[in-house]
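Trainee: With the hints as a guide, dock the two chains, each given alone in a separate frame, to form the complex.
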Amino acid sequence: MLCLHRPKNKTQVDKEMASNTSEKTKRRGASQWAVAWRRFKRSKAGVFGLIIVMAVFFVGIFGSFFAPYPARPDPDAYQPFYEGDVRKPPGWKYLFGTSSIGTDVLSDIIHGTKYTIYVGLLVTAITMALSIVVGAVAGFYGRWVDNVLMRITEVFLVFPALLFILVFVRIFMLTVGEPFWTIPIINIQIPTGLTLVILILALFNWASNARMIRGEFLRIRELEFIEAERALGASNTRIIFRHILPNLLSSVIVVSSLTIAYAILLEAAVSFLGFGDPNTITWGQILQENFSEMRTVWWAEIFPGIAILLTVFGFNLLGDGLSDALNPRLRE
Amino acid sequence: MFRYIVRRLLYMIPVFLGISILSFFTMYAAGDPINIIRIGRPTVTQETLDALRRYYGLDKPVPIQYLNWLSNLLHFDFGKSLYGGRPVNFLIGSWAWETVKLQLISILLAFAISIPIGINSAKKQYSKQDITVTSVSLFGVSMPTFWLALILIIVFSFQLGWLPSAGAHGTPYLWFGNPILDEIAHLILPTTVLVYVMLAQNIRLIRANMLETLRSDYILAARASGLSERKVIYKYALRNTIGPVITYLGISLGMIIAGAPMTEYVFNWPGLGRRFVDAAMKLDFPLVMGITMIITIMTLIANLIIDICYVYIDPRIRLR
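As given, the protein sequences belong to chains D and A, one line each in that order.
If you're matching positions, the first sequence starts at 51 in the working numbering and goes up one per residue.
If you're matching positions, the second sequence starts at 6 in the working numbering and goes up one per residue.
To be clear, the hints were calculated from the coordinates, so they are not data collected in a lab.
Where a beta carbon is used, it is the ideal one built from N, C-alpha and C, also for glycine.
Don't take each hint at face value.
Stated by the list, open to error - Every beta carbon over 12 Å from chain A, so not counted as near; a handful from chain D, in silico: (1) Gly192; (2) Glu274; (3) Asn340.
What the hints assert, rightly or not - Derived contacts from chain D toward chain A, CB cut-off under 7 Å, selection only: (4) Phe112; (5) Phe116; (6) Ala319; (7) Gly355.
Chain A extracted, bound-state conformation (with noise of 0.2 Å):
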């Protein structure tokens, strides 16, 4: 087990240098990014830019400059921001959990009511229910996230007024001014959104699974020796279902956590996401390369969780 984490982690290393590499070079994707800055403000001096210039490091050698970013990145030093010059990490620090919290809740709702739905559909291949809930899973994955954001944000907040339409704590509290109350309301239409679009497509890879899956001799076995029909799909089909799914999820991480913005920025949410669309409208290097690589961090931990999971889910795994 200890060794299968340490291979895990190693295989994790490329990975992390390849995205950072990419990450530290879309600063250099247009040419020189001190006259990017340049570009709307035509009265900077030039003695400004060198000042910048050296202020950043951007005098040295590109390859010492992105091994200085390296090393100051282990160090959980992500620089400072172009605009107003505060640390980033101070910057990130307080939106991560905001964004962690939503991610987290949704990923986990999305799962527990995926799994009843998916295996009920595909028990019952072709039936009314089936083929109600693929027909609208379908609908859900071609919904652009951020229009059913929209729309439920026109329906519950600017229609009934139910529910807020923005950001993650009420001033004052909304919903008898208990701050865990107000917490709830605002969680409620972004992770329902959130979950929406990942339900869509759990449903239809856990169906899809658990039709190949019922399909395969050792679930006849088990049928023919009469055990219920609970215990057939729920002990001895759902863990050869499930290995796809999870695996799925780990590929699609990235696009979940990084689909953040669409979300956020719908709803004011104060995470990383919105934070991200800000800076990259300001082109803020610093800040835009800390997000890009606290989100691919927070993919890989997640990740590593999901290939520990794994290994008990198919002990298989854990033998090559």
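In isolation and in its complexed conformation, chain D is listed as follows (with noise of 0.2 Å):
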């Protein structure tokens, strides 16, 4: 409906609009976010991958309670080495068998799914950070900002990002000194390194997903209801972060799901190639530990292996099952 009056005052305006919408949700009693969710019941393969990172998540928190062994800085973690139990394969005594330095590969992956589930949502949260405002500072501000700033993605989106990870983490691991930093208040550990890591995968990260989110930018800006909210007199933050910002929102999620799985594949790279947080046992560190012992010990570079898979393949349906429920302009 065309607005004809001037509106009294904005604050008037806002408590209007406020009470009408939740008047209206109260009435039809499915939100935007149910329909979606009505819609990602629907498909076999979102539910599936959702199961799967649900079940990551909680191996990641309740792991510990569970383990056969505890995690490797304590000694007990060698247990099987002191039994004599090196190099053992899969069996019922060790589920998927030991490693060739002698601690149990089931523990060592339950025990290394809180660092990938840190990893993947950390990465995620700095890269989703930082594409935001670059993308939106280009997409909105249009001109030679748009141009600059798309001139410097291009860099970061052509450059051979791995190798400078590789460079950066092995340059900044020589200045971590403590391998854990304790968090004062709730007492949660924190591995030093593997937060650089983190820092430096999302450091390289953000070029494509700023891209994206750029593209939605212009579009959305073009749209009419931009235009109405500028003819009502609204300042550019309020459109950006009132009207722009919102309507990206299905799209950053879809994204992030995949970003996540992206920057756990990433990690598990470096890592593997040995340039990972020695003192964190991550999935990719297991692979990297057995690798030159490989011809014997193929269990400890199967399973780990299957762990990445899994969580990774999980985050991935779970996305695509997300961009179907969420963008059904998207869809076919």
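Mentor: Have a look at this one:
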């Protein structure tokens, strides 16, 4: 409907709108999210992905309670070694076998899960923050700002990121002092080296997401309701934060899920090549430790890989399912 | 056409400079590069460090060092390795060829295989074949490159003993002592890995684009005028489908080529990637910077070739 009268003042209009929407949602009983969830439930692949992801989170959070052996710095982790069970193939005692240095592969995988989640979530959070800022500024302000930012993005897209990641990780790993940093009040230990790897991964991975967000920004900026908002005299910040960003939310969620998957793969690669944090036994680290004795301890190479594969597959499925549920436009 | 190529070349200059600046300053990322050499070698004296600093020109102001390095780079002089002091381009030369060989074969193979599969699964959307292809390719995207390589080695070289597990050449030659067959035997596993990884991406892209193209009006028109299905798809639809796929290839080339370290590391392939992992481990800066720049240049050249191919596929580009 056309707004013919001048709005009395902003807060009043806001209040009216707010009460309006809340009333409507109450009456309809189905918010946008409920609709999306209903649509999401219909895709078997998406639900399967969600189940995998939830299982991974479960193992990551509660894993230390049911792992057969404690996590690595604890000397008890080397119990199989003391019992002379180095390089034991999978069996009833050691479900996934023991590694070439005499640890239980299953326990290593369980304890590595939390690091995988940490990597996936933190890399994605930083990447998305960076790419939303770059994409929003470039897409909204256009002209030379857009030009400069897109040239920079292009450099980050074309150049061989993995090479830079490896060198940076190697250099900065030398500067790491304490292996763990404890958060004061809640008493959670954060691995310093792994956090460093995460920061570097995020620094080199925002480019393609920034491009996507810029594209969406450009598209939404030209829509009628933004024009209407401008005519009502809304400021740039209001348009960006109240009107464009909420519209981006669904794409951001979808891309986040895929970015988590990619981040996990990248971290595994960095660790596998031997550049990872030696104090945190991530899945890539297990693969690296047993790589030279692969001919004998093949089980220590296969099972951590399956863990990576399943987790990444789960996040990819989830991302696909979410994109079907949240962006009906993109479907077919 | 000529103007188009020149424009693309000019376009690459800022990208090249950007990467060269980044590459140069990685050396300074954690402070003085000479001090990094000192880590783990407490016996190195101050005089030696000063001499090294002078030898590598690190006593000059940083911008001048960068310009020096850049001008040397343009003369194909990448400096000398910190270990053994041999010139970098001498070290890189033979390795670059092995990487190019591996990558080129895999990219071509991946395209040759993925186009028909992608088209077919788009043609029969939601058929059994399509669902198999899409789920398998999603699985492929989720698989760590190096892990697939590990599995292949475990199965085909360790358990079955059919193929060599490492290197690019055997001594003596494998497979009847024939040098060409020997090369093929060594290529099979690494190319399988690279092709599989690219295949998954390509098929997903081709399928998505094909689905979009098949729904456009001109395809309907082509069908309505009674052209055979084969002609509609391969002559009319494919041209519009392949464009975005090739653009994507251009963007992802950096990643594909830079992904080489993983495959090359697992197969102990004597290529740039393998050498890069060693150099980065030892923080051999001249070698690291040299390989980064060579890979960057390779990526840019590949991008240029793609841009030129693009004109043939989509003539509208030339008019712009």
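Trainee: Run every hint past the structure and note whether it holds.
Mentor: Structure-based check of all given hints:
1. Gly192: Holds, since 19 Å exceeds 12 Å.
2. Glu274: Holds, since 25 Å exceeds 12 Å.
3. Asn340: violated, 10 Å
4. Phe112: violated, 24 Å
5. Phe116: violated, 25 Å
6. Ala319: Nearest chain A Cβ about 5 Å off; hint holds.
7. Gly355: It holds, given that the least Cβ distance between Gly355 (chain D) and chain A is near 4 Å, below 7 Å.
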